[in-house]
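Join the two chains into one complex using the hints; note that each chain is given alone, in its own frame.
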Amino acid sequence: MTYTHATCIDKSPLVVLSSHSGYDLRMAIYKGPVNRNGISKESLVHSLKLILPKEAVLFDSEDTRPYECDGLSAYRVNPWVVALPETIEQIQAIMRICFAHEVPVIARGAGTGLSGGALPRENCLLLSLAKFKTILDVDPINCTARVEPGVTNLAISDAAKPHGLYYAPDPSSQIACTIGGNVAENSGGIHCLKYGLTVNNVQQITIVMVDGELVTFGGSGYDGPGYDLLALFNGSEGMLGIVVEITVKLLPIPEHARLLLAAFDDIEQAGKAVTAIIAAGLIPAGLEMMDNLAIQAAEDFAMVGYPIQAAAILLCELDGNTDEVTEQIKRVKKIMRKHQASNIRISETEQERLQLWRGRKSAFPAIGRLAPDYYCMDGTIPRKQLSTVLKKISELSKKFDLPVANVFHAGDGNLHPLILYDANKRGELKRTEMFGALILEYCVEVGGAITGEHGVGIEKMDQMCVQFGQLELQQFHAIKAAFDPAGLLNPGKVVPTLHRCAELGRMHVHNGQLPHPELERF
Amino acid sequence: MSDQSLSLQQQVKENIERGRPMQITAGNSKLFYAHEISGEALSVKEHFGIIDYEPTELVITARCGTRLQDLESTLAEQNQMLAFEPPAYSKHATLGGCIAAGLSGPRRPFAGAVRDASLGIRMINGTGEILKFGGTVMKNVAGYDVSRLMVGSMGTLGIILDTSLKIVPRPETEITTCYELTERASISRVNKICAQAYPVSATCFDGTQLFLRLSGTESGVNKSLDMLGGETLKDATSFWKDLKNQRHSFFNSTKRIWRLSLKPATPPLEIMGEQLIEWHGAQRWLTSDQNPEIIREIINQHGGHAIIFKNAKEDDLVFHPISGILHQLHMNLKLAMDPKCMFNLYRMYEGF
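Going down the list, the protein sequences come from chains A and B. The first sequence lines up with residues 1 to 522 when you count with my numbering. The second sequence lines up with residues 1 to 352 when you count with my numbering.
This is chain B alone, in the form it adopts within the complex (with noise of 0.2 Å):
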């Protein structure tokens, strides 16, 4: 356990008094991710530790450099986790890291993201100042909500210091079924699944056949089992894992590795490459070396966005272009949190 809030408050205000802008380092399990930037490297790593966790409030409160699998042995000790399934990429990630990038596993659609677990923050902004926002409490509308504004903002708005997230108790029993279907078949028959009051807790299209876990109670399961059908995966918990931490040998490619955001039935995409497609369609993983250009026209038509997520080329535009009144008003926030830009510049995007 170890607080180091004023000695990375200290670091913070003597960068910013030198003008050194500050690049926020942790466990350095997503450098793969973003774009690549220069600048004092601040880590937070040693900023880590379970501050206050009470089950039967159902919520965690730890330091940014708490490592993951730390916070989430805690957790399961009590029978608990954390709804979204937080990807690690590494033994190294941390729950700051996990804030900043608000990535989230299988869990999403059916149990909330990164950001709907996030109940309250303490940040150092641009200025070098302590801020605490949010709260331990399940509801809070009191004031703008800045702890969940923090989620998935790269470390571009301000150091994450504490964070407070909701947590759940663990499903009785889980069990993933799978079909062999096509591409077009099954992206229709989970959405019809999902429209349904089905126990699902995660999907998965790898190709060739479609995984769906269930979770609850065991007769619920079993019953929703029996209408559902499919054949039963063995080792499902270490599948949900792997694709969770990208250790499916999908992500072994070394071409660019796409995050496509979409309405969830979108009939199958005419990009070339391969595909893996996750959260009953909304969340689509491709693998392709086809013009960058030209998939985010194809995402665009389709409503969606699309984040090179791995293996980024050096020019390539990361995060999906934003323009307009949206990007000034990034612009906006950035200055209005970050008045000097010292922190994480051009992570997500040019200027911010």
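Isolated chain A (complex conformation) (with noise of 0.2 Å):
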């Protein structure tokens, strides 16, 4: 079966907004002050049709309805209008109308975000970029591909295949997700200890801005003159530009890769087990680990003989020569029997590698199988902060009443608990999103953040309070205004109003001093 990570929680209902209170309050204030822009529906249609193929408008709100959500489907709003268009003149000229009548631009690649980055808003303008499939270049011998931003993920690594070359980063909606929107997200993956994300490994994109101005930034080596927009653009979610044309690196296959299974009766054995393998200087490729509902799930699914008894599993691969990868292989069996790994099995055949890894890779829909539906967190922490976190995260399951299966990026320390609830039940999503946002808020306390690569969106508006202070909210509104200053890109979404923060109470307390005092409180 084919996966993405938008499967996440696809299977959510459509959502009446109003008859759930839960995101009332998320959805009024992300909705903002409603009609700014003084042009009428019809009028933009009619402008843009001047400049685009009469099939490339979409205005009609059954042919807009599925553009209404991304991957974060719980929420929901109909485009005013759709624009699809094929070159970059004419996003420029999309981009010049909108500025001139004020309409919000939001982007969207294949829509397989999970925080809501391309969720719409009422009268705003929907920008797909579907139509950039074009793979422009692959330059083997400088090892980067030039592409534009609607190709997949994947198929840059299919088109980079023949000379020996692949592009590292891969989330795991790679079949799906394009490029455009992993530069967006600053997307992570399986192998980002070792390869890093997103932002490690594109070289150079141009920037179509929010009037309509072309711009390039980073440069056709590693780096370009001036301050480093590129990576400031990385992970920025569509509020300072579209991403139009993107260079990224790409890193010889290597030679050789096998993946080790460990289980492990205790889960704080396995943590201590990825702690002892980063201390013997070893970064595997991938380090991942499963706890015993995501084992059980998984394994149900893809029946590739993982140990169903097992509290918790470590998936660790390791690339490089074959020499180099069977003496590190030989070091990591160590580790894991020191650890009291009570099954050890390490893939023989490329085949045996993948089929191991498929458990690991369809966890997701795997684990939606248990439950009519999930909610798939992204916190990270600490490595050492592990089994505090698990413990928490059981304490708070059994306090909301609703089961939890993790699923770990160990390596990096990125979790993503996967809470497991009924959207029929009157109440029950919201109070998982109440549950969800605790387990952020506590990796924030442990020194963690509430994204490691899933985005703010509008998901994680709320944490953001927690996250930052008011200083930090303020100057990113002034960066933000440093490319956008009407604020007409992604409007709304990534970073909270002080006086949002305020209302929800949760604002950062600086230095000892209560925040923005000047502000009413309820």
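Take these hints with a grain of salt, some might be off.
Said to hold, decoys possible - Result set (DSSO-like, lysine-lysine): computed pairs, CA atoms no more than 27 Å apart in a straight line:
#1 B/K192 <-> A/K161
#2 B/K91 <-> A/K384
#3 B/K91 <-> B/K255
Claimed, not checked - Output of the computed footprint for chain B on chain A, the stretches with three or more beta carbons under 8 Å from beta carbons of chain B:
#4 136-142
#5 156-170
#6 187-198
#7 228-235
#8 364-373
#9 475-482
Hints listed in this document are in silico derivations from the structure and should not be mistaken for laboratory results. Each residue gets a CB set at the ideal place from its N, CA and C atoms; glycine is no exception.
Following this line, the structure appears as structure tokens:
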């Protein structure tokens, strides 16, 4: 079966927003002041049709419906108008029109994002980059690929493969998610510990600014002139500009890779084994952990021979040349033994390696079969806090009466608790969201972050008030304004207003002072 | 160990109040680099010390005044290192200067740059506020990536107080092999090698020889060495250290020393002067008295950029000129971070 991250909560029912008080506040604030733009829908459509083919402008609510949500499908807003340009010039012309009439613009790739980054808003133009699917150039000598934003992550590696090269970041949704979306979210994947995130693997990007101007960040070599705007743009979630061309770094495909699976009766021992591997000076290509519920679900689904009795399993991949891998596998095996691994399996063939990965890679849809719905969280923590955090999650799980399966990018401290719930049960989604929020806030408490790779979008706006103080949020707003003074790009997302944080009462207390005392408290 | 955050903040606030622009200083190891500026000297040298270091978390957090050599020897005790091999032009070089200048050493193409290792930052912005961005975890996409924006901004956007960097284990074995080649053959050879899965960790062409450093496990490195051949370089450690710290005789020149950033496989450049090529062709050092405008024109044609790294003349533009919307964005960002232009004005470009 094909699997994308987008299936994470695809099973959530179509939600009638007003009937669920749980997220009224989020949506109401997100929508913000309505109808700032002075242009009517008809005249916007008319203007767009002058520059785009007729079929590239969607405005009937039935035609725009497929764009009403991304992978965070609990939130839906039917966009006013959808534009499907094919050339950079068309994007520039669209942006000029929207800029002149102050129409908000929300860019969208494949819509696999999990934090609502591509959620439309009323009276907005949804800019789909789906038609930008061309791989413009694979340069096997300089080890780069120049691609359009709508190219899927996996398609880049496929195109590079004949040259013995590949594109390293591999989010689980890689067969569907686009490289433009990866840049917007600074996507990670299973191999980030060794090979980095999107920001570490992109060399140059071309952007259409909010007013239609074209600009390039980065360089043809390893850096560009001036400030590192390339780094700033990665992970900016469509708030600063529209990425229209990307040059990625390609790496040589490792000669050899092997996967070691180790089962543990005690999750704490598994955590200690992870630390011991790092302490031994090894940087595995991938280092993943699954807890018992996740193991059982994955085994039921993929039937790859995971030990279903185990409290936890670790999947550790080593890559490099054959001698190196053989030597390192031996060392990892010894470490796992020392930490009382009850069962160790090492892939002997490429087929077996892929098979063992299949269980992990299908964990999300597999867990999806355990309950009508599930909600996927994305916190990061210092590795040493793992058992403390898992204990806390298990306590909260009892308190909220909602089961949780844990899948963990153990190597880089990125935890994905999957909360199981039933959206048809009154109040359960609301309870799930409260539970999820507490997990993320706990991640911050132990020195981690509210999102490792899924982004803030609209989903984690409230937790931004926990992660940052008012001064940082103000600085973010100023940076946004440096690119988009009128606030037209993906408005109302990522960075909450100070007022919102005050309303939630979740603002950081900075240096012992109560933040923005000038604001009224409710 | 000395936390001077509040005292530095106090000084900054006073200077802002009195309208006195500041130049940020520390170890003064890079005084030769970038435009000379005036302004109230604000030294961050006393704000030093390692705040947190747990080897198994692969992160170190330290204050900006921490000397690079102290930081690196602490890491070495645990058999770890900074992957980007920061250049240190004197023993006084500090972590803050390393982040602000954003310069990386020989390992950069293979293990990432300063900005790639940068995970979090605490800073003072141009309104005298202490801000904290990023953190100590490997993956963090909450908010804009200000930590990385600060890397290479030459102190024009604010004062770096503390920074958290990703660290890596030291490789078990390193061996350097070398070949006598022409420049053209060297560029072609090194790029062919780098496009294959060899454990290359540094490259250098000094005009006559191509040096190739291999890093990894002993068996892995030896196997690659068998396949790549060449002559093994003795005393390779000091060769790469001298190169990184620009003690190599190439850098003794009194001519302008340029740092050219290019596509790695760019063919030999037709510019008068001597060259030393690193990063499999992507970073080329040039000593030349040729007209800077002509040099930049040639580099532009290759899609690269050129910095006059050392020995710039008084009216030279040190950093590669930027124009149009890119220039405007720089101005806007400068004003977003430092609205009254209090920090290192004109260090990089005129006007900001």
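Whether chain B covers the segment 187-198 of chain A (at least 3 residues having a Cβ closer than 8 Å to its Cβ atoms)
With 5 residues in contact (Cβ-Cβ under 8 Å with chain B), the coverage given for the segment 187-198 of chain A holds.
Verify the coverage statement for the segment 136-142 of chain A against chain B, using a C-beta to C-beta distance below 8 Å and requiring 3 or more qualifying residues.
holds (count 3)
Three residues minimum, CB to CB under 8 Å: does the segment 364-373 of chain A make the cut for coverage by chain B? Let me know.
Violated: only 0 residues of the segment 364-373 of chain A have a Cβ under 8 Å from chain B.
Are three or more residues of the segment 475-482 of chain A within 8 Å, CB to CB, of chain B?
holds (count 7)
Coverage of the segment 228-235 of chain A by chain B (three or more Cβ within 8 Å):
holds (count 6)
Quick check: the segment 156-170 of chain A, covered by chain B? Criterion 3+ residues, Cβ under 8 Å.
holds (count 3)
What's the verdict on B/K91 and B/K255, does the C-alpha distance respect the 27 Å limit or exceed it?
holds, 25 Å
Given the hinted pair B/K192 and A/K161, is their Cα-Cα distance within 27 Å?
holds, 16 Å
What's the verdict on B/K91 and A/K384, does the C-alpha distance respect the 27 Å limit or exceed it?
violated, 34 Å
In summary, the numbered hints that this structure violates are 2, 8.
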